[in-house]
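Trainee: The residues making up each chain are set out below.
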Amino acid sequence: MDFSFSENQQIIAESAADYLAKVSGTAAVRAAMETPGGFDVATWQDISSEMCWQLTHIPEAHDGLGLGYVELCILLEQMGRNLLCAPFFSTVCLGVNALLLAGTDEQKHHLLKAVAQDGTRLAMACAGPGRHWGNEAVTVEYETTSSGVLLNGVYAHVIDGQTADYIVLAARRAGTRGNQGIGLFVVAADHAGIQREALPCMDQTRRQARISCTNLELDAEATMRNVGHAGPLLEQVLSLASIGMAAEQLGVAEKVLELTVDYIKERKQFGRPVGSFQALKHKAADMLLQAESARSAVYYAACIADEALRSGPLASELHESASIARAYCSDAAFVNAAEALQMHGGAGFTWDFDVHLYLKRAKASQHYFGDGAWHRERIARILLGETA
Amino acid sequence: MDFSFSENQQIIAESAADYLAKVSGTAAVRAAMETPGGFDVATWQDISSEMCWQLTHIPEAHDGLGLGYVELCILLEQMGRNLLCAPFFSTVCLGVNALLLAGTDEQKHHLLKAVAQDGTRLAMACAGPGRHWGNEAVTVEYETTSSGVLLNGVYAHVIDGQTADYIVLAARRAGTRGNQGIGLFVVAADHAGIQREALPCMDQTRRQARISCTNLELDAEATMRNVGHAGPLLEQVLSLASIGMAAEQLGVAEKVLELTVDYIKERKQFGRPVGSFQALKHKAADMLLQAESARSAVYYAACIADEALRSGPLASELHESASIARAYCSDAAFVNAAEALQMHGGAGFTWDFDVHLYLKRAKASQHYFGDGAWHRERIARILLGETA
Amino acid sequence: MKLGFTSTDEAFRDEIAGWLAEHLLGEFEHIRYRGGPGDEHAYFRERRAWEQAMAAGGWIGVGWPEDMGGRGYSLEQQVIFHEEYARAGGPGRVGHIGEGLVGPILITHGSRWQQQRFLPGILSGEELWCQGYSEPGAGSDLSNISTRAVYDAGKDNWSITGHKTWTSLAHEAEWCFVLARTDPASRGRHGLGFFLVEMQQRAITVRPIMQLTGTSEFNEVFLDQAICASEQLVGEPGQGWEIAMALLGFERGVSTLGQQMMFQNQLNQIITVARRNGATADSQIRQRLAQAHIGLKIMRYNAMRTLSGNMVDGSLNRAAMISKLYWSIWHRELGNLAMDVLGPEAEVAAAQPYELTPLQSLFLFTRADTIYGGTNQIQRNIIAERSLGLPREPRMTG
Amino acid sequence: MKLGFTSTDEAFRDEIAGWLAEHLLGEFEHIRYRGGPGDEHAYFRERRAWEQAMAAGGWIGVGWPEDMGGRGYSLEQQVIFHEEYARAGGPGRVGHIGEGLVGPILITHGSRWQQQRFLPGILSGEELWCQGYSEPGAGSDLSNISTRAVYDAGKDNWSITGHKTWTSLAHEAEWCFVLARTDPASRGRHGLGFFLVEMQQRAITVRPIMQLTGTSEFNEVFLDQAICASEQLVGEPGQGWEIAMALLGFERGVSTLGQQMMFQNQLNQIITVARRNGATADSQIRQRLAQAHIGLKIMRYNAMRTLSGNMVDGSLNRAAMISKLYWSIWHRELGNLAMDVLGPEAEVAAAQPYELTPLQSLFLFTRADTIYGGTNQIQRNIIAERSLGLPREPRMTG
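Chains as they are written, first to last, in the working numbering: chain Y, -14 to 373; chain Z, -14 to 373; chain W, 24 to 421; chain P, 24 to 421.
Each statement offered as a hint is correct.
Now the stretches of chain Y that chain W is said to cover, found in silico as 3 or more residues with beta-carbon under 8 Å:
#1 105 to 116
#2 179 to 186
Here are the computed distance ranges between Cβ atoms for each label pair:
#3 Arg162/Y with Asp204/Z: 55 to 61 Å
#4 Arg230/P with Met268/W: 51 to 57 Å
#5 Glu356/P with Pro217/Y: 32 to 38 Å
#6 Glu259/P with Ala6/Y: 43 to 49 Å
#7 Asp32/P with Arg162/Y: 44 to 50 Å
#8 Pro44/Z with Glu52/W: 50 to 56 Å
#9 Gln165/Z with Pro217/Y: 40 to 46 Å
#10 Leu299/Y with His214/Z: 57 to 63 Å
#11 Glu356/P with Lys98/Y: 47 to 53 Å
Examples of chain Z residues toward chain W, derived with CB under 7 Å:
#12 Phe(-12)
#13 Val55
#14 Val246
#15 Gly260
#16 Ser261
#17 His267
#18 Ala270
#19 Glu277
#20 Tyr285
#21 Cys288
#22 Leu368
Everything labelled a hint here was simulated from the structure, so no lab data went into it.
Backbone N, C-alpha and C fix where the C-beta goes; we use that ideal spot for every residue, glycine too.
All chains, full assembly: derive it from the sequences and hints.
Mentor: Here it is as structure tokens:
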């Protein structure tokens, strides 16, 4: 048992921090978030072709770096700290994970190579309109035809759906419910039968799209493994994605604490730095507690994610550890960002200070892939042995 | 609209405070709580025959003082502040209210007079074992016989059940559920067929008993109004009782704040009174906010209780205002008592300081007649128009 | 203690409700429910016109004494007035600073000349006011004011130089009341003056502050030797702090009941969303909706207690002391609840580039409720020291 | 980063688990799960015997270096040891202060003589220790110690006079380590000495403190010219504070994992109650049970991080800095949750006159978790100042 970063992992973290300080500083973020696509194409090119971050946990057999989920989360934490505007999360935490778990050899060979070599962007569409995620929220239906399948329906909130090259679609056999009848498909985003509508978002650093499928015809090539029984696969992909987002949230929770500590050391009221007042010191201490605990939850879950991807002995802990990480980090990031804004006083309320960007990212993140209450209820079911 | 105390109400509050300072100081409470019955008989005699507090809201027609529920809550607030050990709440908030709302003229005439003249003690038994209160929690069943009714079953937590002279029993017609088939009965506590077992309690200032009915035979005289359809009456009695207990909780929330403020003004650490440290000052300010808001909730509900007892235009607000008062005051009393203990440091953890007595009363009170979550859920149903 | 209103009061309720129903339409129809906090930048011209329509109807200064041009309404009637105004979706008042703060302070502390000069403009809705309290270096610590006022005996006027911030309406108002230091040697609460300054002068520059919502309703105000005639100093030099504090007292008056009706409208919106998207099936959301409802009811009861304990003079009782802390925390959580009821939808804005929905603005804007007008940290200090008599912090300065 | 244990470690797990299964029965059967915090007064004689049985089995000081009489087990093995001990319901250790605090501090700061004199007694389970830190006037502010130690050159010993409080085991322990002022002119952290004092002397009086539970496991200790031989002073006069702080560091060592297994046992009990009385159908309770589970898991992960960041020397990293604040808040809420899961039943005690159930004791006793060993206010100050480098409060004294 060793729960500290290896030297390599330390180096990855530091170099990522240095790199992102260059390409994703405040100015860069504020520029990228105003662009129609929501990210800077050159930066994405550089990340995908020079840094090759998207290859981190892809096995070498598929031209990946063959590193682990811990290394991936180290990068995601740094991206969260810097509010990196890029289709990285959607491509890697959703797209790549879906391919790794549910892709056919053909699909893996073809698409993972594209991701590796051309910085191809992936996205995943699963939930329909409403407040839910996961299998029960899949509303798009597929029916089998002579030539393949036909998809109809709407996906409400697809992260980076507007700019993705390929999209993984979750659909259910017409008439099924809950975990039943789920199928996964992967298709070029410009495929006829797919309409994409970019949605204006409160958090400008992460975009989402509304995607409609109208008689979308797909053949066997597009069909992923276990069609009609892919519910468990989808749930695994979402848990892996949740762990990745928890890592981003950890980055947010830590960064807002640093911004705040720097500010309250400088800002003076009543003739002393406001950071010398107990009320603010104690809030800062609570923020540290949140951030440090979030760190523990994220990296434990990341280790479990590796187990799951490699079917290790602890693989069965995937959903539990993902929900623990998400339930904790969703709140930690939001609470810390909210406290940070309060502790910045009037300044935090202005557009020019960055705190609000983190507050918006934190709030948006709370609602992807199940909010805190949803994950706690899932934990309760596991705890009380109510799930199979 | 006038939401301040009248002069008379001021006088009632002050004289009650003075009186209770004499008969229910720390020493008196600690003595009374060690007695088998849990209260000092002489004090109860004095309260009931000299002060006649139990007559406060009983109409003059029944030898009462004909004052309002506001006046009653003023007294209950003071009793809460002083942790008065006496069967007042059970007699007045449960027993008397049950008689006023569900008693036959005969029962009112007979029993209210007894309460008025001999300090007769009343109690009410409704909930069976388990975590619930209200109609759905009534598990004792009655069946109609030639001579009257036959009751069988167990009441789990009857406040002052062990020392009451008469007990109001809630039972349901065999086979019914929820609000259906509820009947109320009033019977001498020493009636054959009633077994009473005093329960040792964590809060020594308020006792409860377990009461079993084995083929308890009751005739028409014991049967209260609307037998078989008394669900709504029971719910009203419980709402009135809830408002009364909220008033006690208000008293607790205020008293622990005072104890704490006195303590932290005196106690020195790091060369200054601990009360000069922001962390403690801010907690004290939050405690004041809780106490003041609890006060508003209690006295608004008390006004509504009067409306309900006199079928005024706002009578329909009874359940809502009771749940608002209880949901808020249950938490306010507990949170304030818990903070008070923390702010007393090690001292609050000792038997000799009174804080723990208030903490125990606050915790016990949270669980009578529905906890905070239960009352919030009831509010939600009212808010969303889900109840008839 | 008694609840409810007399039949006279109810008749008055019908009168104001009727008047609003008749007038709050046509050119004003589209500004109903608009212009509240977070939306104060919206439809300014129309709301100024509406202010004057209100004036024409005699609905400004209803609580002022009649000899000051008000209507001397009873407390109950004022409560009813504010309730009905909010219930009808009356737009955010552009004259609220004049009517709610400047008027009352001039009535209690102003000279006869000041009353005659300024009250009519407020009552007619023709002169709007803004407030010049906060400074970059004097946010929570208002006593740290560094704006200076220098008296010119020759011209018999004051020359004011400094930098004010968080001034709403500054770009629209004709007048501003400014807290400035009349004694350059003074510190803290001493040596301050309370000035009534005309905004239309070269010496004053207004710069909007862009907020996290992407909109601007607050401004920075730069005064560079702005001129203020000596009769426009309220009270004496050195009385500024006392007057400023008295004025803050009025913020907690009857208008809070109108604010609460606005809160009620917002809560109702959220409940409507919950009904639509099925959030009412989520037991956590149900608890939080109930909590919001409970909190708002108690806020109202607190206000009723405050008002019953004759607050009209601006003196503070305990229920009043907690009011800012209470409502700001409640409102901030309401904004958060709005987002969580919406769930994933919460992200979707009204339009590109960055036009937010009302509920998104509510969420973001309420983040400031716990900051302006004295942060919650300051509120807690004040409560602890004034209401509970706890010892002051050791002060380094002031 | 890697999770899980090696096969060697797992073999060791079988060994300790096996030993416990064999020995924790018969005369010891009834003390399983007993004697933890809130229950330390229970079965003292049996637990002392058990301590010696542990010693006979060679299970005391497993983490100490071998040349100090320990077994020099690896971190993993120590973790496993504490986990299995708690899993088996091993009773609260009466020797934990000696093994966990005194031993390590003597190993790092003690003289050869002190090591030879005191370590064997700890390893054999024959000499128990208690700690003399807190004083009535020095609770949160440990540096305010007023107990005095006066050196007698003639007798070459120290005479110690003062009043210590919150001393558990004082009435049972043979030895006490006492923080006392060697320089009467000194203040604050300077001029303190760290003494090893024999409890069996007339000059020492022990008075139990009755707690809100009605039981007493803490005591007041009155020293009236208690004698302490000069070789029983650890380090030099004036080094007391440094040594005391180093000792506090050990509190956050591997033993925390054992504590967490005890927490797990308590949570399991609560879940059992919830299953029995239907609380599992209450969505609020479900959320809180999940919250408790999440909190405990993360507490474990925090501890794993702390341990992996070689904490053996007692140095503090960030995850360690928060540990007391974290677990005390979690545990206090667990006690509260226990009551709320029980609902109305929570009130019913075990027996007259005032014998509480284990869950009632948990509820009441955990109220102290956020107080002793540095209140949470102090914990937050330390975290803010040491981990975040925020400025200190202006100090009046010390």
